[in-house]
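So that you can map any letter, position 51 of the sequence shown is 51 in UniProt numbering, and since no number is skipped, the others follow by simple counting.
Keep in mind the hints are simulated off the structure, nothing from the lab.
Hints are supplied without guarantee of correctness; some may be wrong.
[As the list claims (entries may be wrong)] Quick list of simulated restraints, FRET-style, between CB atoms:
1. Glu122 - Arg39: 28 to 34 Å
2. Gly35 - Glu103: 19 to 25 Å
3. Thr146 - Glu122: 32 to 38 Å
4. Lys137 - Ala75: 27 to 33 Å
All C-beta atoms in this analysis are idealised placements derived from N, C-alpha and C, irrespective of residue type, glycine included.
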Amino acid sequence: MTASAQKNIDALNDVLGKTFRLYVQTHGYHWNVEGPNFRQLHATFEQQYQNLWAALDEIAERIRTQGAYAPGTVAALMALAGPEDPPAQSAGDMVSKLIAAHEALATTLRDAIAVSADAGDEVSAGILTDRLEWHEKELWMMKAGTR
């Protein structure tokens, strides 16, 4: 395997791990949100975690098409995910933490898109670009709701 191909796989693994962390975080917020915006946030968090869950499969399968094994344990995924945030204490805190997490993942995606393009892997770059588009739209909607 070339260095460029390995760097591409590493970038895909990074996106996978961080997507997994955001999935777990969002699902936990769905379970625990309270307050006057409960119904709206509960539904929004559900839509988000379902999208993130589907993305995990797509990204992991893309890693497999590149000739590598996708991480298959929670420990392996969390090692790629980086540190977790402390629990949120309110619905507003949940939204703020999700905004920060989506922004961080968007940065990771931009970096991974560049790596995939450099590796000549247009399919991975396309998948990652689609993911970036979704995160940017979610960011816009969450930020608009906090104004």
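Structure-based check of all given hints:
Hint check: glutamate 122 to arginine 39, Cβ distance near 42 Å, so the stated range 28 to 34 Å is violated. Checking the proposed 19 to 25 Å range against glycine 35 and glutamate 103 shows it holds: the Cβ atoms sit about 23 Å from each other. Range check, threonine 146 to glutamate 122: about 36 Å between beta-carbon atoms, so the 32 to 38 Å window is met. At about 32 Å, the beta-carbon gap between lysine 137 and alanine 75 stays in the expected band of 27 to 33 Å.
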